[in-house]
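S.K.: Residue-level listing of the chains:
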Amino acid sequence: MSTITPSTIQVEHSMEPTRSRLVTVSIAFWHIFRRDLVVTARSIVPFVMQALVMPTALLYIFGRILPGVGVTQQMYPAMFFPGVVALTIFMASLQGVSLSLMLDLDGNHEIDDRLLAPLTVGLVALEKVLYAAVRALVAGGLTFVIAYLILGNGYQVRTDSLGLLIIVMVLYALSSSALGLVLGAALSADKIYLLFSLIFSVALYTGCVYYTWSQVSSIKILQIITLFNPLSYASEGLRAAMVPPLHGQAVATLPIFWSLLALVATFVIFLALGTRVFRKRVIS
Amino acid sequence: MSSTSPGPFALEVSQLVKKYPKAAARAVDDVSFTVQPGEIFGLLGPNGAGKTTAIGIMTTRVLPTSGTCRILGVDVVRDALGAKQLLSVVPQRTNLDLSLNARDILTFHASYHGVSRARRNALADQLLAEFGLTERKKDLVSRYSGGMAQRVMIARALMHTPRVLFLDEPTNNLDPQTRLFLWERIRALKERGITILLTTHDMEEASRLCDRIAIMDHGKILICDTPAQLEKLIPGGAALELRVLLPTGVPARALVASGHGEASQDEAPSSQLQQVLRSLPGVVKVEALHASEKADEPTNLTVFRLYAQDVSALTSQAVHVVTEWNAELLDLHQARPSLEDVFIYLTGRNIR
Numbered sequence: 001m002s003t004i005t006p007s008t009i010q011v012e013h014s015m016e017p018t019r020s021r022l023v024t025v026s027i028a029f030w031h032i033f034r035r036d037l038v039v040t041a042r043s044i045v046p047f048v049m050q051a052l053v054m055p056t057a058l059l060y061i062f063g064r065i066l067p068g069v070g071v072t073q074q075m076y077p078a079m080f081f082p083g084v085v086a087l088t089i090f091m092a093s094l095q096g097v098s099l100s101l102m103l104d105l106d107g108n109h110e111i112d113d114r115l116l117a118p119l120t121v122g123l124v125a126l127e128k129v130l131y132a133a134v135r136a137l138v139a140g141g142l143t144f145v146i147a148y149l150i151l152g153n154g155y156q157v158r159t160d161s162l163g164l165l166i167i168v169m170v171l172y173a174l175s176s177s178a179l180g181l182v183l184g185a186a187l188s189a190d191k192i193y194l195l196f197s198l199i200f201s202v203a204l205y206t207g208c209v210y211y212t213w214s215q216v217s218s219i220k221i222l223q224i225i226t227l228f229n230p231l232s233y234a235s236e237g238l239r240a241a242m243v244p245p246l247h248g249q250a251v252a253t254l255p256i257f258w259s260l261l262a263l264v265a266t267f268v269i270f271l272a273l274g275t276r277v278f279r280k281r282v283i284s
Numbered sequence: 285m286s287s288t289s290p291g292p293f294a295l296e297v298s299q300l301v302k303k304y305p306k307a308a309a310r311a312v313d314d315v316s317f318t319v320q321p322g323e324i325f326g327l328l329g330p331n332g333a334g335k336t337t338a339i340g341i342m343t344t345r346v347l348p349t350s351g352t353c354r355i356l357g358v359d360v361v362r363d364a365l366g367a368k369q370l371l372s373v374v375p376q377r378t379n380l381d382l383s384l385n386a387r388d389i390l391t392f393h394a395s396y397h398g399v400s401r402a403r404r405n406a407l408a409d410q411l412l413a414e415f416g417l418t419e420r421k422k423d424l425v426s427r428y429s430g431g432m433a434q435r436v437m438i439a440r441a442l443m444h445t446p447r448v449l450f451l452d453e454p455t456n457n458l459d460p461q462t463r464l465f466l467w468e469r470i471r472a473l474k475e476r477g478i479t480i481l482l483t484t485h486d487m488e489e490a491s492r493l494c495d496r497i498a499i500m501d502h503g504k505i506l507i508c509d510t511p512a513q514l515e516k517l518i519p520g521g522a523a524l525e526l527r528v529l530l531p532t533g534v535p536a537r538a539l540v541a542s543g544h545g546e547a548s549q550d551e552a553p554s555s556q557l558q559q560v561l562r563s564l565p566g567v568v569k570v571e572a573l574h575a576s577e578k579a580d581e582p583t584n585l586t587v588f589r590l591y592a593q594d595v596s597a598l599t600s601q602a603v604h605v606v607t608e609w610n611a612e613l614l615d616l617h618q619a620r621p622s623l624e625d626v627f628i629y630l631t632g633r634n635i636r
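Sequence order for the protein chains is A and B.
Under the numbering used here, the very last position in the first sequence is 284; numbers go up by exactly one each time.
Under the numbering used here, the very last position in the second sequence is 636; numbers go up by exactly one each time.
Bound conformation, chain A alone:
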């Protein structure tokens, strides 16, 4: 064996200053986040199409065509639009984290480079959730533009609860992205069909998107089922924040306190569970 003494070693030591752990981790976290933003910005057209095709179709059919031919009530678009915003956030979240994770963990392993960056596995998972939440919020925000253009007079959004509107959107973006982490880390790529056929469909029809919670009070079983879907709390919370009072009466929704509490709780639970599942997938 060749004898190597430290004097012969010429490792090019990093020129970077010595940093505290917190700073090192923060820098790594920011740049991982920046990587996701840069990649999204470079593929902005596919992202916008992915995010907006479905809400555009829904708003056009249910918000414009059907009320126009008298199939639904004139107020239906105003009640339906908050559900579309919530659904758009849900879809964009899952597209942002679940799909990419499922493909990555089973195939590309692009995430390896980030897992070897100087930060914890939990923070890599959290970054995925935050990034997906930002994507979802952008998609949700763009839905307002689409709705304004499509619905015409049917576009009725109260502007005196903007704070609540933003809080509900942010909380649901976080909650659905954390759910996306759970699904993305738990399902292998060959189960991708489950994401579309089962999860999207079930969420869509049990999430109080097409109907308000109080409207289905006569079908108790459906009402109970909807309470297990976080999308219901987002749809109802957004209705409380967006739908203008009719004849001086606020629209009947789930109590906003319970909606907010449910969104916070589901975020915390899904994040904890998702991080745990993610860690199990990437650290054997």
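No wet-lab data here; the hints were simulated from the structure.
Just to be clear, a hint being listed does not mean it is correct.
Cross-link-like lysine-lysine pairs, in silico, DSSO-like; alpha carbons within 27 Å at most [said to hold, decoys possible]:
#  : chain 1 : residue 1 : chain 2 : residue 2
1  : B       : K504      : B       : K422
2  : B       : K569      : B       : K303
3  : A       : K191      : B       : K306
4  : B       : K474      : B       : K421
5  : A       : K191      : A       : K280
6  : B       : K516      : B       : K504
7  : A       : K280      : B       : K303
8  : B       : K474      : A       : K280
9  : B       : K516      : B       : K474
10 : A       : K280      : B       : K306
11 : B       : K306      : B       : K516
Here are the computed distance ranges between Cβ atoms for each label pair [said to hold, decoys possible]:
#  : chain 1 : residue 1 : chain 2 : residue 2 : range
12 : A       : S201      : B       : P305      : 53 to 61 Å
13 : A       : P255      : B       : Q376      : 51 to 59 Å
14 : B       : R401      : A       : G68       : 49 to 57 Å
15 : A       : T159      : B       : R403      : 42 to 50 Å
16 : B       : G357      : A       : W30       : 27 to 35 Å
17 : B       : D409      : A       : V264      : 44 to 52 Å
18 : B       : A472      : A       : L103      : 29 to 37 Å
19 : B       : G416      : A       : M49       : 32 to 40 Å
Ideal Cβ positions, reconstructed from N, Cα and C, are used throughout, including at glycine.
On the provided structure of chain A, position chain B as indicated by the hints.
M.R.: Leaving out everything else, chain B in the frame of chain A:
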């Protein structure tokens, strides 16, 4: 190995065990070794030997069942974050960020590790040039060939100036030209003082690159030494092979007359000749492989393998001894055993 050099080992693995919950056997079974700073250390073994799992533990991606692993004194389990700043990995399978081009891959990697923008840009350009990737640095890596992707992965691994570099089968499935290129680069990295641990099942790669090699099989390290020492372990490094047809009824006086050895007259002729050959200067070991089972070969045919540092110098003397014995020399050639022979010798099976 010597532990006289000051400071911590670049890599110190102690009684490492990994048992996966549903597996019957241990993937890594009580593995211990140390690697000095600046050394190229090879883990050699067949597929499934536990090399990749061992690398996984050393690089924070696999949790050991027991045992410890320290990189420059930093425990990879207790302080994974600290260890990640010191190490870099080039995995077996491509794990490049397919959404980015080669240059972005390098600069993003460096930014994760806190390298400043000016430095990471300069370093990326330097490494892209060094690895012959400058012309295609703006291409998405999804369009790269296997060899190019491997070069990008090694360049990426160097972006945060790691102290210990792990290369998991770095030239597997690459064309000979790329293989030679990467060997050259790996040697250059050693000259820069980077400690390298590489896994391979390529004997030539191991013997050409590594200062020391640990041969691994079924999760265990069977032996660890320099390539030269390993090749000496068994009939290997340099052997002279003689196919000899022994005369029947060898006169014992031939032995005495030859002045070689102290073989007993009671022994079989082949054993006597074996001892005489063993007594030749420089001979380390002689194997007599007779007992040919082929029906068409004479029973007094014996193959002698002489192991010595310099078998060329031995040729004339060996021929002389055989002639003195009135034996017929049917064939004489130099056999050049390799690490592959070492592996077969240790495990009883081929490495691939």
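S.K.: Now tell me if each hint is right for this structure.
M.R.: Status of each hint after checking the structure:
no. : hint                          : verdict
1   : K504(B) x K422(B)             : violated, 44 Å
2   : K569(B) x K303(B)             : violated, 41 Å
3   : K191(A) x K306(B)             : holds, 22 Å
4   : K474(B) x K421(B)             : holds, 25 Å
5   : K191(A) x K280(A)             : holds, 18 Å
6   : K516(B) x K504(B)             : holds, 21 Å
7   : K280(A) x K303(B)             : holds, 15 Å
8   : K474(B) x K280(A)             : violated, 35 Å
9   : K516(B) x K474(B)             : holds, 25 Å
10  : K280(A) x K306(B)             : holds, 15 Å
11  : K306(B) x K516(B)             : violated, 40 Å
12  : S201(A) x P305(B): 53 to 61 Å : violated, 35 Å
13  : P255(A) x Q376(B): 51 to 59 Å : holds, 55 Å
14  : R401(B) x G68(A): 49 to 57 Å  : holds, 55 Å
15  : T159(A) x R403(B): 42 to 50 Å : holds, 49 Å
16  : G357(B) x W30(A): 27 to 35 Å  : holds, 29 Å
17  : D409(B) x V264(A): 44 to 52 Å : holds, 47 Å
18  : A472(B) x L103(A): 29 to 37 Å : holds, 36 Å
19  : G416(B) x M49(A): 32 to 40 Å  : holds, 38 Å
Consistency with the previously given hints fails for numbers 1, 2, 8, 11, 12, ordered from lowest to highest.
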